[in-house]
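Protein chains in written order, with our numbering: chain A, 201 to 650; chain B, 201 to 650.
Hints in this document: simulated from the structure, not taken from any laboratory.
Be a bit skeptical, because a hint or two may be false.
Each pair may be met inside one copy or between any two copies, as identical chains are not told apart.
Unchecked claim - 25 Å max Cα-Cα, derived DSS-like pairs, lysine-lysine: (1) K593 to K338; (2) K593 to K615; (3) K338 to K394; (4) K423 to K622; (5) K338 to K586; (6) K402 to K277; (7) K214 to K277; (8) K338 to K587; (9) K402 to K423; (10) K205 to K338; (11) K586 to K636; (12) K277 to K587; (13) K622 to K542.
2 protein chains.
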Amino acid sequence: MSSKKKLIQPRTLKGFRDYLPDVMMPREELINTARRVYRSYGFAPIDTPTLEYAEILLGKGSDETDRQMYRFEDHGKRDVGMRFDLTVPLARFAAQHIGELGTPFKRYHIATVWRGENTQRGRYREFMQCDFDTIGTKSIVADIETALVIHDLMLAIGFDGFTVRVNNRQVLSGLLEKLQLVENSTEILRALDKLAKIGAEKVAAEMQETAGASAEQAAQVLKLAEIGGSTDEILSALDRLVAGSEQGEMGVGQLRELTAATAAAGVPAERLQIDVSIARGLDYYTGTIFETFLGELPGIGSVCSGGRYNDLASLYTNQELPGIGASLGLDRLLAAMEELGKIEARTTPAEVFIPYFDQTSLPQYLQIAATLRAAGFNVELYPDAKKLGQQLKYADRRGFKVAIVAGDRELAENKCQVKDLKTGDTTEASLAGGAKELIAGISQILRPTA
Amino acid sequence: MSSKKKLIQPRTLKGFRDYLPDVMMPREELINTARRVYRSYGFAPIDTPTLEYAEILLGKGSDETDRQMYRFEDHGKRDVGMRFDLTVPLARFAAQHIGELGTPFKRYHIATVWRGENTQRGRYREFMQCDFDTIGTKSIVADIETALVIHDLMLAIGFDGFTVRVNNRQVLSGLLEKLQLVENSTEILRALDKLAKIGAEKVAAEMQETAGASAEQAAQVLKLAEIGGSTDEILSALDRLVAGSEQGEMGVGQLRELTAATAAAGVPAERLQIDVSIARGLDYYTGTIFETFLGELPGIGSVCSGGRYNDLASLYTNQELPGIGASLGLDRLLAAMEELGKIEARTTPAEVFIPYFDQTSLPQYLQIAATLRAAGFNVELYPDAKKLGQQLKYADRRGFKVAIVAGDRELAENKCQVKDLKTGDTTEASLAGGAKELIAGISQILRPTA
């Protein structure tokens with residue numbers, strides 16, 4: 201038909217994005233790595249619906265998440281919303297199923313969430329969260345394992361210069377209790393949070409002004425933030441600071457136990473450090489808290505954070521469900537990996553490319569491809585008998601590593617050429633005997649001995 | 201607090217469901233298998249937004265999908281909808297990015313879709329699709345590869361008694377062209393579709409009634425449905441039937457080429473059969489079409505279907521984008537695997553369970569766990585020092601395979617006990633020398649030589 205029809209403009213909504221292969225492949229790999237590490241500690245996968253009754257989602261979040269929630273009336277006139285995190289659905293899920301699941305319950309949940317945020321801040325309205333939690337135990341073993349999972353995860357992703365920073369909310373609570381500042385803890389923490397930005401003097405002034413602290417009290421709180429040194433030195437200083445507060449002593453005791461255990465499990469001290477300056481989610485966390493920073497890019501903030509909470513699902517059940525968990529910041533990590541050159545620019549998951557010369561050789565191409573797939577390679581056969589140069593340009597643009605060039609002459613001799621697409625080097629390989637020589641040649645190019 | 205607060209009832213929306221670990225683990229495994237096979241043929245992953253402008257989604261689907269679509273006004277007063285399949289988003293995606301992507305473009309897309317369907321039919325309103333497509337080439341190589349992917353996928357999932365049934369829309373179109381019945385093809389096909397149910401005589405009558413076919417024409421069409429035998433016999437019969445119709449001859453030629461090539465690639469004839477009775481998506485497919493049936497459970501219908509189309513994205517671009525693809529029916533396959541006893545009843549991804557005796561041995565438990573994880577096992581350490589019987593009951597209920605029992609006495613001798621949780625058999629293993637003996641003992645239980 202030559203009549204011009206009116207086209208619909210192909211476009212995505214503001215704050216949403218397509219993932220093309222070059223972006224999707226590292227995402228998939230990162231998710232697979234997280235899954236593998238979570239599973240290696242016995243965390244099991246779950247999933248929950250994207251849509252929930254609005255009342256389930258509304259109560260638990262902040263005013264901000266309530267406002268940002270995608271909410272509408274469904275076909276049955278129900279008031280529904282799209283999940284904005286994985287914590288609220290976990291709470292609902294646990295309240296509903298914990299009898300069947302039993303405790304301790306260790307789960308991971310890797311799924312998309314939605315927030316109608318202001319995109320001016322460079323945020324997306326659709327993003328993925330990657331959480332793991334241990335529910336139904338107060339044992340410090342769960343805290344220790346959470347630290348180990350974060351540690352193993354960062355290593356498995358390919359980082360080594362990172363630090364898991366650990367603190368315990370009870371240390372600060374104990375100190376405030378000792379100083380009789382518990383009732384003003386929100387104001388104290390708000391002031392303390394500004395330390396790096398405005399300095400000790402101004403923070404002390406703010407504490408006196410907004411929290412009604414005395415100069416002496418403010419100085420005591422600021423002492424906490426000055427604590428540094430080796431793990432042993434920090435623990436000793438904390439011992440002195442919280443002495444007399446049951447809560448504070450318990451917090452320091454847990455930090456001592458956690459650092460000793462991770463050291464015993466082989467985590468070097470520089471990768472797991474006590475940092476009394478981290479506070480996180482004031483209303484939610486009650487014990488151990490974690491943040492994780494990249495040595496090469498500390499400025500992007502924590503890439504894996506979490507902590508212990510007393511009661512996960514109190515909105516939905518009277519059963520007390522203590523737990524601990526953390527969340528991997530997928531998008532932030534991917535941005536960091538990109539910036540650090542840790543992401544290969546490829547648009548194909550296949551390493552091996554087979555150009556297509558003529559139709560009569562198709563059975564051979566298919567046989568070579570099948571043999572190589574059985575040997576564990578990902579193989580693409582070009583579908584059209586275009587000029588070799590054109591086919592190789594396609595292969596190069598996608599990021600294939602090796603081309604198996606097999607024209608009539610080569611096939612007649614039961615041979616092919618193995619072309620390293622990076623160096624351009626070409627060698628000949630026999631196809632006889634299960635193509636062992638070809639497989640060895642490809643392996644040589646893909647995994648060269650250093 | 202002892203005051204009773206009002207709880208929110210923890211529940212999911214009608215037509216939605218939670219995936220608990222026992223259901224989620226086989227799902228994840230199936231998805232991983234699909235991903236692995238797709239990648240082995242050079243298909244790359246993509247993702248698209250859950251929410252699209254309603255105008256993008258509305259035009260392409262049927263009246264039914266339009267009506268079932270979750271549609272609402274977003275925070276910016278935009279008319280938006282949740283995707284109800286992955287084909288419409290692919291068309292929009294291809295129209296938008298094909299210049300950057302280049303052709304041929306091979307993608308897989310494994311993602312959730314939503315339809316506000318009538319749940320009385322046992323359908324869910326949220327489910328996952330698992331599609332792969334090759335876009336931008338008319339080459340028969342893409343058809344052949346699609347057949348091979350389906351074949352490899354079914355084998356990789358663990359089926360061998362399956363049949364990929366293949367047909368070509370041009371065969372039937374050619375026959376109708378030859379019989380001058382093209383204009384009534386919809387009515388002809390509708391009648392033909394009832395063959396198994398109402399028999400040849402009534403079908404012939406219906407063709408004459410609704411499609412204005414003569415008795416002779418109806419008999420000719422019915423001849424097609426009678427064709428059977430070996431691949432060669434079917435192809436010869438088809439040759440005779442469509443002789444003189446260019447379109448029909450082309451269709452038979454493609455079937456001949458496809459079956460010859462898959463045979464050359466090692467696919468046994470019983471696993472890929474021509475079946476002239478399959479028709480699929482009358483308005484959409486234009487060439488090769490596929491359906492896949494399980495030998496043990498043919499009644500559940502096709503578990504992997506697809507075909508070739510002439511023009512994917514004509515709603516959004518004037519660029520012609522021919523392609524071919526198929527979709528794995530995840531939920532149907534999982535139901536079949538469940539029914540055939542192919543799914544293990546477990547709720548943990550870990551094989552190895554370490555009971556916890558006392559706190560002073562915690563460093564050793566952590567070391568054993570770390571050593572076993574480094575050896576590739578998934579290991580869970582119980583977090584509380586409960587009675588051994590209680591811990592083993594927990595391990596048994598979750599489906600762990602092996603327990604590593606290490607009390608004070610064993611650890612003092614640098615030993616542990618390896619308990620096969622299925623048989624109850626227990627052996628002793630040394631922890632010395634990187635715990636080689638322990639690793640061998642566990643491997644023995646997990647992968648016994650038959």
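Against the structure, the hints come out as follows:
Taking CA atoms no more than 25 Å apart as the test, K593 paired with K338 passes between copies only; the shortest distance there is 20 Å, against 59 Å inside one copy. Only within a single protomer do K593 and K615 lie at most 25 Å apart by alpha-carbon distance; the minimum there is 23 Å, versus 59 Å between protomers. Neither within a single protomer nor between protomers do K338 and K394 lie at most 25 Å apart by alpha-carbon distance, with minima of 32 Å and 63 Å respectively. Proximity of K423 and K622 under a CA criterion of 25 Å is satisfied in neither setting, with 57 Å inside one chain copy and 56 Å between copies.
When the C-alpha separation of K338 and K586 is checked against a cutoff of 25 Å, the pair qualifies only between copies, where the shortest distance is 13 Å, while the shortest distance within a copy is 65 Å. In the homo-oligomer, the alpha carbons of K402 and K277 never lie at most 25 Å apart, since the shortest distance is 54 Å inside one protomer and 45 Å across protomers. In this assembly of identical chains, K214 and K277 lie within 25 Å of each other by CA distance solely across copies; the values are 12 Å between and 27 Å within a copy. Proximity of K338 and K587 under a CA criterion of 25 Å is satisfied inter-copy only: 17 Å between copies versus 67 Å inside one chain copy.
With identical chains, the CA atoms of K402 and K423 are at most 25 Å apart within one copy only, with a shortest distance of 14 Å there and 93 Å across copies. Taking the shortest Cα distances, K205 and K338 sit within 25 Å of each other only across copies (24 Å), while inside one copy they are farther apart (65 Å). When the C-alpha separation of K586 and K636 is checked against a cutoff of 25 Å, the pair qualifies neither within a copy, at 29 Å, nor between copies, at 55 Å. Taking the shortest Cα distances, K277 and K587 never come within 25 Å of each other, neither inside one copy (59 Å) nor across copies (51 Å).
In the homo-oligomer, the alpha carbons of K622 and K542 lie at most 25 Å apart inside one protomer (18 Å), although the nearest pairing across protomers, at 44 Å, exceeds that limit.
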